[in-house]
Amino acid sequence: MPILSILIFLPLIGAILLMAMPRSKDVETDTDLSETSSRKVGLNAVSMMAILFAFLNFVGAAYLFSTFNQNYANTDIAGIGRHLQLIEDHTWIKLGNIEVFYRLGIDGISLLLILLSTFITLLGVIYSAHTVKTRLKEFMVCLLILETAVIGVFCSLDLMLFYFFYEAALIPAYFLVGIFGSEKRVAAALKFFIFTFAGSLLMLVGIIAIYGATGTFNLIDLTNPNSSAAKALHGMDGRMLGFMFWAFAIAFLIKIHIFPLHTWLPDTYAEAPTAGTVVLSGVMLKMGTYGLIRLCLPLFPKQAQESIGIMVTIAIISIIYGAIIAAAQTDIKRWIAYSSMSHLGFILLGIFSFTKLGMMGALIQNINHGISTPMLFFLLGMLIERRKSRDFKDYGGLKLVVPVLSTFFLLAALSSIAVPLFNGFVGEFAILLGSWTSLSVGFVRTTIAATGMIFSAVYMLWGFQRIMLGPVTKPANKLMPDLKPFEWAVLLPLTAMIFWIGMFSHFWTQRMDAPVETLMSQEGVGSTGDEDLPAVNAIQRATIRKYHEEHPNKPAPAQGEPEVFARPGGGTPSGGSPGGGGGSVSPGTPPTGTAPAPTSSPRPNPLTTRPVDGMVTPVTPRPTQPANTEGKR
Amino acid sequence: MAENAWLLIWLPLFGFLFNAFLGKRLGKGAVSVVACGSVGLAFVVAVLITLQLNGLPEHRAYAPLIPFTSPSHPWIDMAGLKIGFGLMLDPLSALMALIITGVGFLIHVYSVGYMKDDPEYARFFTYLNLFIVMMMLLVAGDNFLLMFVGWEGVGTCSYLLISFWYTEVENAKAGNKAFIVNRVGDLGFSLGMMTLWSIFGTLTYRTADGKGIFDVIMASANGKGLDATTLSLITLACFLLFVGAIGKSAQIPLWVWLPDAMAGPTPVSALIHAATMVTAGVVMLTRCSFLFVLAPDALQFVAWTGLATAFVGATVGLVQTDIKKVLAFSTVSQLGYMFLACGVGNFSAGMFHVTTHAFFKALLFLGAGAVIHSMLGEQDMRKMGGLKKRLPKTYLVMFIGTWAISGLLPLSGFWSKDEILHSASGDPQFGGIFYAVGLFTAVLTAFYMCRMMWKTFYSEPRFVEADLYAHAHGNYLDSPDPVQHSHADAHGTHAADETGHAAHEAHADGKIHESPASMMVPLYILAVFAALFGIAFGPSHAFEKFLEPSLAPASLSKLAVGHPLFNIYVGYGLSTVAAILGIGFAYAIYNSRRKTGEWFSEETKTKWEQRPYSPPAFLYDTFVSKWGFDAFYNFVFVKIGGVIANVLWKVIDNGIIDNLTGGLGYLAGGLGKIFRRAQTGYVRNYALVMLFGAVVLVAGMLATWSKLTN
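For the record, the sequence lines run as chains U and G. Under this note's numbering, think of the first position of the first sequence as 3, with each following residue one higher. Under this note's numbering, think of the first position of the second sequence as 5, with each following residue one higher.
Don't take every hint at face value.
[Stated by the list, open to error] List time: in silico SDA-like cross-link candidates among lysine to any residue, alpha-carbon distance up to 25 Å:
(1) G:Lys-32 to U:Lys-390
(2) G:Lys-677 to U:Ala-189
(3) G:Lys-120 to G:His-77
(4) G:Lys-677 to G:Val-700
(5) U:Lys-186 to G:Leu-652
(6) U:Lys-390 to U:Arg-137
(7) U:Lys-395 to G:Gly-646
(8) U:Lys-395 to G:Val-647
(9) G:Lys-654 to U:Ile-319
[Unchecked claim] Part of the chain G face toward chain U, derived, beta carbon under 10 Å:
(10) Ile-80
(11) Phe-89
(12) Asp-121
(13) Leu-149
(14) Gly-154
(15) Asn-175
(16) Phe-183
(17) Arg-187
(18) Leu-191
(19) Gln-383
(20) Ser-605
(21) Ala-635
(22) Asn-638
(23) Phe-641
(24) Trp-653
In case anyone wonders, no lab produced these hints; they're calculated from the structure. All C-beta atoms in this analysis are idealised placements derived from N, C-alpha and C, irrespective of residue type, glycine included.
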């Protein structure tokens with residue numbers, strides 16, 4: 003059963019059926035939620051149809067999730083293709099000798115994103131069914147087509163097909179913003195379209211260049227270091243490869259609104275209708291992070307290494323810049339929009355920490371962001387629906403009026419702040435730990451990035467206070483009704499997910515273990531083979547030792563004195579190192595003898611672990627042993 | 005019982021869930037029973053576990069957090085980061101469990117009386133139970149990340165409870181301040197954990213098979229020691245972890261949140277901001293004694309921070325007029341003592357003071373709560389006085405609390421404080437300074453506590469009873485009617501509102517009265533402990549021996565060993581003299597000023613205002629302005645931070661970056677205008693352009709071709 007194709011095209015079929023249906027009557031009067039009698043009429047047929055298809059697709063994705071084989075590995079293939087399964091492979095376009103394939107397949111990384119997309123789209127459809135008053139049919143069609151395109155992106159294993167779906171997602175998104183948004187929707191939609199389209203075109207150039215060099219669009223071949231296609235690709239001129247890397251990277255960075263490519267973000271998120279913002283932030287955004295991980299890293303490992311300096315810098319700027327600007331906002335939607343920028347900074351930092359832990363953290367944080375940010379946007383939508391205003395000034399003291407909504411808001415805010423046991427914490431901590439132990443990021447930059455922890459509390463709690471706490475000052479706020487059943491239906495699943503991921507993260511991350519392991523141990527992306535100690539430990543110890551040697555006046559490491567770092571029970575505490583033996587190192591031999599010592603740095607700093615040529619040295623700390631040595635779970 | 009230690013967390017967790025989802029519907033009776041009962045049962049479990057610990061090897065037990073799983077049941081397991089849901093029971097966690105559930109239970113019972121008129125009774129107990137859950141996780145988790153869960157969890161509960169009466173913006177702001185300032189500390193804590201992880205590859209303290217951090221340290225130290233780089237990293241980790249303690253335990257410079265936190269209901273101040281949560285920093289340091297004894301630099305920093313905080317906190321406590329603020333600054337100061345003890349390596353003295361402080365400070369806060377309750381919500385000591393006759397029972401317990409904290413023989417505070425001063429004087433480098441400042445702070449402590457007693461209980465009444473009006477807190481009390489009406493449907497707040505108003509009036513008519521039994525009985529029990537705990541366990545060193553298995557052995561320590569300045573009995577004598585001195589000063593000053601209850605007359609204060617740089621005026625201003633910390637932070641982070649945020653947003657983001665990228669759009673538009681002219685419609689022009697293009701194309705191809713063939 004071609005389940006991936008079904009998942010992709012089911013929403014499209016739904017959309018087509020919807021289009022064939024007669025138009026639902028627009029709700030002419032501005033039904034105010036505050037009137038208890040409003041919306042007593044049941045859902046119309048259009049809504050039912052849309053919900054049905056979104057729900058079917060979600061069930062399909064859940065089925066896919068439950069039957070997914072996380073231990074699958076095709077040992078014939080090196081590279082990330084090893085874990086791709088449920089492959090569907092057909093010729094799609096044949097023009098002369100140019101062949102484009104309809105080639106699908108997923109691994110654990112795409113699996114979670116597919117599940118997330120169907121989940122968020124379902125909630126968006128449910129919410130819209132109750133709130134969109136004009137052109138409901140068109141709205142639903144856009145949402146469903148968007149779902150098709152996004153799932154297509156997550157399944158594509160052919161660059162042209164990827165590009166096709168990637169672009170296809172843009173069109174419904176454009177209409178969602180441009181038709182259904184608020185006052186300045188047209189300008190916002192145009193800005194959004196031009197920005198992302200410019201990025202996409204760059205990517206198209208990159209794809210064509212890859213084809214020119216290798217004659218194939220096949221992602222599995224291109225990322226398999228042993229294949230001729232990959233050899234042809236990596237045999238290209240280094241500068242050319244650099245351009246190609248950046249062509250892809252910029253396309254994705256625009257999508258994930260990283261500084262300084264974020265200016266479309268506040269306008270678009272603010273003007274889009276609630277469900278539009280939700281799918282933009284919860285679903286479409288994920289195409290960007292997914293693209294970085296699925297295309298940029300495995301296709302251009304060396305160039306990605308070289309870009310670490312820039313990537314980490316813009317990631318850190320995004321974290322802090324987004325957070326500070328979020329705190330200054332007067333518009334509630336722009337407030338969360340900028341906070342989203344800050345979160346994406348963390349994700350980018352995790353990816354480019356080039357450690358397994360950082361990558362894993364980025365992937366799970368990607369999912370977390372797809373839950374907490376849409377939840378916040380839903381809640382803002384509910385407030386706007388009640389109050390018809392996006393200005394902080396019009397709110398205040400709502401906790402007294404709508405205690406339940408306020409409680410959900412607090413939960414979403416705490417998730418966004420990344421309080422432990424909420425989902426955000428798992429990802430954020432893993433990202434920061436990965437980047438702290440990463441040779442390419444190091445102590446200092448991680449510390450700067452980690453101040454985002456403080457800023458997130460500042461903008462979130464302050465915003466929460468301005469909306470929810472204090473006295474009720476505006477008379478208009480005093481008659482606000484609390485949550486309606488459909489709003490419960492949207493918020494409860496999201497809350498459940500917040501705690502499910504926050505408390506039982508292993509359930510979700512285990513499916514990504516294998517692909518992350520393969521991706522990060524790929525040559526170029528992967529690490530050196532220091533199996534003896536946690537490499538990070540070794541590297542940092544070496545750096546500090548070097549500092550001591552260059553500063554003899556400080557307490558220096560005892561020369562000649564036996565340096566013993568006994569690890570009882572053999573092996574590292576992080577588990578089962580094969581070569582460790584655990585015991586002591588013979589006198590005089592630094593315990594880090596096998597570790598790559600950092601090259602000399604002009605200004606040695608005990609806290610910086612980045613060697614001068616760290617940008618190009620393919621050394622990645624491997625804090626842990628490969629997961630597969632411990633048996634599959 | 006130890007294997008069922010999960011009950012310690014699941015019992016209050018049940019209370020939390022019950023009150024959160026059913027509390028409002030089932031009413032106050034059910035809420036009280038479940039909230040107090042779950043914590044009381046947890047106390048029983050804690051007692052059983054403590055009794056059992058002695059018989060265990062190394063006085064330690066490991067238990068799962070999730071019932072019927074293993075202690076290593078994964079919470080996080082990704083890419084080598086393995087964190088289990090496990091508990092470790094040892095004397096330290098058992099002691100804290102006893103304090104948290106024991107004192108916590110008493111405060112729960114007290115709250116039943118204290119909060120009985122609040123319409124949001126269920127919400128209050130929901131948060132209170134959640135706090136117990138988080139605090140238990142903090143002390144009983146078997147790894148740093150679980151401690152961090154509790155650490156941030158109690159911070160969140162503290163935030164929720166400080167801003168419990170959120171309709172007053174000031175309370176909401178105090179909650180934000182507490183959370184955000186604590187986050188600064190939490191940042192340090194997380195970076196400290198990351199450092200530890202990068203050294204040891206694990207975050208577990210100890211495991212049954214000897215792979216935890218402390219096991220590794222012990223094993224390597226029993227060998228030939230740790231190498232210098234590892235020690236450097238451990239020192240770094242200790243400094244970073246201590247930043248966390250600074251935030252949570254309100255030490256300089258992150259102490260500003262604690263006084264503001266008094267905005268919460270008084271039982272909250274007693275439980276969270278005196279007895280348990282704020283001592284988490286000391287608990288953490290004690291838990292990490294294995295690390296800190298390897299980092300003498302970090303410990304010295306701890307000692308100095310503690311000393312400075314003890315002194316500065318006491319000075320600010322001298323000038324407070326709000327009865328709760330006096331106690332808040334006293335808490336800051338006493339926490340400073342505890343860190344001083346840790347800083348000189350005597351962790352058990354620090355924990356001893358944590359314990360006695362939990363009793364007498366909870367007693368004082370609850371006593372102050374009883375005073376406030378009796379005064380219908382009045383907290384300003386300038387408007388009190390003469391309460392000794394009106395509230396003899398409350399006076400008695402407050403008297404015991406004051407006696408205990410002043411460090412006068414033979415109550416608890418004496419033993420624990422003297423132990424700290426004694427070991428502080430043993431610091432080989434700074435013993436003298438530590439002892440002198442510590443002793444002087446003890447004089448200040450006795451003084452400000454007696455000042456409070458005089459102002460509240462001994463001096464003449466400075467209020468007219470008939471004029472007392474209820475300062476009753478509550479979110480639904482003063483809100484205009486429409487809200488309630490809109491609400492009547494769903495949440496029954498309308499009824500709650502009426503209750504509130506009724507209570508309001510009933511109070512205002514009545515006289516000043518003693519608090520109900522549910523409030524007084526916990527006070528009596530705490531008073532007994534505040535009086536006797538010290539003498540029961542201090543002089544015999546029973547406490548020290550009990551805690552010993554949790555602490556790093558002396559053989560591990562890299563601290564220089566010195567000798568205390570005095571014989572312990574001389575120390576006892578000096579401490580007593582200090583306490584009597586402080587009490588004597590207070591007597592001399594306030595006994596003759598019973599009329600006003602003020603040391604300085606209004607004229608003196610006016611004179612000071614005119615001449616702000618005269619020494620007494622300057623000193624007074626410094627203390628009143630809390631040494632300028634609040635003003636400084638307000639200026640730097642709120643004012644300048646706000647300006648920076650607005651500049652970034654309006655100038656940089658909207659101005660420069662948006663225009664730069666938007667400018668590309670205009671550029672495209674402009675180019676379009678230019679090229680539009682090329683669309684002349686004349687075929688000959690198109691042909692010309694085509695020809696031109698073809699030439700360029702061919703030339704380009706040729707160039708590439710020649711490049712490729714070369």
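Results for each hint:
1. G:Lys-32 to U:Lys-390: 38 Å, violated
2. G:Lys-677 to U:Ala-189: 20 Å, holds
3. G:Lys-120 to G:His-77: This hinted pair is violated, its Cα atoms lying about 41 Å apart.
4. G:Lys-677 to G:Val-700: 24 Å, holds
5. U:Lys-186 to G:Leu-652: 23 Å, holds
6. U:Lys-390 to U:Arg-137: 19 Å, holds
7. U:Lys-395 to G:Gly-646: With a Cα-Cα distance of about 17 Å, the restraint between U:Lys-395 and G:Gly-646 holds, given a limit of 25 Å.
8. U:Lys-395 to G:Val-647: Between U:Lys-395 and G:Val-647 the Cα gap is close to 19 Å, so the pair holds against 25 Å.
9. G:Lys-654 to U:Ile-319: 17 Å, holds
10. Ile-80: 5 Å, holds
11. Phe-89: Hint holds; G:Phe-89 Cβ to chain U Cβ min 9 Å, cut 10 Å.
12. Asp-121: Since chain U brings no Cβ nearer than about 18 Å to G:Asp-121, farther than 10 Å, the hint is violated.
13. Leu-149: 8 Å, holds
14. Gly-154: 8 Å, holds
15. Asn-175: 8 Å, holds
16. Phe-183: G:Phe-183 check passes; min Cβ-Cβ to chain U is 6 Å, inside 10 Å.
17. Arg-187: Holds. Min distance 5 Å.
18. Leu-191: It holds, given that the least Cβ distance between G:Leu-191 and chain U is near 5 Å, below 10 Å.
19. Gln-383: Since the shortest Cβ distance to chain U is 21 Å, the answer is violated.
20. Ser-605: Check failed: Cβ of G:Ser-605 comes no nearer than 38 Å to chain U, outside 10 Å.
21. Ala-635: 19 Å, violated
22. Asn-638: With a minimum Cβ separation of about 14 Å from chain U (threshold 10 Å), the hint on G:Asn-638 is violated.
23. Phe-641: 9 Å, holds
24. Trp-653: Result: holds, 4 Å to nearest chain U Cβ.
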